[in-house]
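> Sequences listed follow chains L and W, in order. If you number the first sequence the way the working numbering does, the last residue is 246 and the count never jumps. If you number the second sequence the way the working numbering does, the last residue is 450 and the count never jumps.
Keep in mind the hints are simulated off the structure, nothing from the lab. Among these hints, one or two may not hold up.
Unchecked claim - Computed list of chain W residues with no C-beta within reach of chain L, every gap over 12 Å:
hint, residue
1, P289
2, P370
3, H379
Stated by the list, open to error - Label-pair restraints from in silico Cβ distances:
hint, chain 1, residue 1, chain 2, residue 2, range
4, W, N343, L, P152, 25 to 35 Å
5, L, P154, W, P422, 54 to 64 Å
6, L, S215, W, E293, 45 to 55 Å
7, W, R414, L, R235, 15 to 25 Å
8, W, E408, L, P152, 11 to 21 Å
9, L, N216, W, P422, 45 to 55 Å
10, W, E404, L, K206, 49 to 59 Å
11, L, P152, W, R374, 31 to 41 Å
12, W, P410, L, E203, 50 to 60 Å
13, W, V421, L, Y23, 19 to 29 Å
14, W, R414, L, G55, 40 to 50 Å
15, W, Y253, L, N216, 33 to 43 Å
Note that beta-carbon positions come from the ideal geometry of N, C-alpha and C, so glycine has one too.
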Amino acid sequence: MKNTLPETGGFFARDRVMHPPAYTPGYKTSVLRSPQRALISLEGTKSEITGPVFGHNMINEFDNDLIVNYAKPGEMAIGQRILVHGRVLDERGHGVDGALVEFWQANAGGRYRHKKETYLAPLDPNFGGFGRCVTDENGYYWFRTIKPGPYPWPNGVNDWRPAHIHFSIFGHGFAQRLITQMYFEGDPLIWICPIVKTIPDDETIKRLIAPLDMSNTIPMDMRAYKFDIVLRGRRSTMFENRKEGN
Amino acid sequence: MVQPLNYLKESPSQTAGPYVHIGCTPNFTGIHGVYETDLGSGPLYNEKTRGERITIKGRVIDGSGTPLRDAMVEIWQADADGFYNSPSETRGKADPNFFGWGRCPADMTTGEYVFETIKPGRVPHAGRWMAPHVTLWIVARGINIGLQTRMYFSDEEEANAEDPVLARIEHRVRVPTLIGKREGDVVTFDIYLQGENETVFFDI
Ligand SMILES: [Fe+3]
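Work the whole structure out from these sequences, hints included.
As structure tokens, this is what we get:
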């Protein structure tokens, strides 16, 4: 860990305007699953500004290689080989070290390995569709995978998800917990997807679109996409240490 | 002109979708051989952990009264003495045998989530003592941004009455939505996303 001083400051208030609201009728499942009442505002207590630490030692060698982590020995997942990489930052622009990043996705044909999945695209016997890593001291992460396919889903009669990778990120405090999705530059399905459009503002949507990164593309092997993720920032510690009564 | 603040903005949230379990609890979905165990599964305690063993269980229920069968719940809590196992815990050292975090997918048939844990101690906030509580984070298909709430304990009436967070809730009729009902070692906490008993969710 680069920073030996524990961070004890409260988190910046969440800007709820740029997140999707709970109730978004264009995404039908949200209708019955959206709280209707106002959230109760609460400045972070110890219960939210603290969080567990996931060490690098829980990560196995191939956890960040979806091309082989489920494949039979000597075999590989089918699809366009890509490298996804970037940094987990906080709103101060600091790299978040030791962040747990988990990801899951459909296979090259747009099919998930899940018992409730009914799409007729075939399963790839060598593709599980998930992986994880822990960021390094600068907040950097990377993993190797195949580009997921778009898939149809029951919402409108003809709704398709753009190609995407789901991300779950665990920073330093439980209040930073975030799940989001990464999209791919140039995909026309992004702008007609009801789930993407739960985010009210197009400029904000662009922050989830990973650009093709030719600089990090490995010639004759795999293209790279760069995806930075920003977690909530936290205040400096110096004025935070109020007497706590014990 | 002034100097720019140069802060970044948090990445926008997107729903966890129906297949969050593939990424977070693959063994639960029947995908074995990649991760030895699902992160956050199993009891939060071991034989050396201090504190009273309890089971927390419940369901996440939608506006039609139907339990969600694709939700995922995470909990985070203090140890028996009220310390968090976190670098940001500066008041003292938490029980090294208590990690304090758990993750549970809702049962695919009943929608029930279950945590085997210990009862947390009280944690101070701004010079007052909070009542024992567990912090929860709920995601699922149809939930656009993870929901944050807390569970307090029905056998802690006195402490609950002094709790500064519960005191914050203007509509007192809503306070019971945050109280897990304790019977023996089992604490039941159903989370209502909508309706008359909509659970209090926090903007933290
Ligand atoms: Fe998906």
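> Now look at each hint and say whether the structure bears it out.
Status of the hints after comparison with the structure:
no. : hint                         : verdict
1   : P289                         : holds (15 Å)
2   : P370                         : violated (4 Å)
3   : H379                         : violated (7 Å)
4   : N343/W to P152/L: 25 to 35 Å : violated (48 Å)
5   : P154/L to P422/W: 54 to 64 Å : violated (36 Å)
6   : S215/L to E293/W: 45 to 55 Å : holds (52 Å)
7   : R414/W to R235/L: 15 to 25 Å : holds (21 Å)
8   : E408/W to P152/L: 11 to 21 Å : violated (54 Å)
9   : N216/L to P422/W: 45 to 55 Å : holds (54 Å)
10  : E404/W to K206/L: 49 to 59 Å : holds (52 Å)
11  : P152/L to R374/W: 31 to 41 Å : violated (53 Å)
12  : P410/W to E203/L: 50 to 60 Å : violated (38 Å)
13  : V421/W to Y23/L: 19 to 29 Å  : holds (24 Å)
14  : R414/W to G55/L: 40 to 50 Å  : violated (36 Å)
15  : Y253/W to N216/L: 33 to 43 Å : violated (27 Å)
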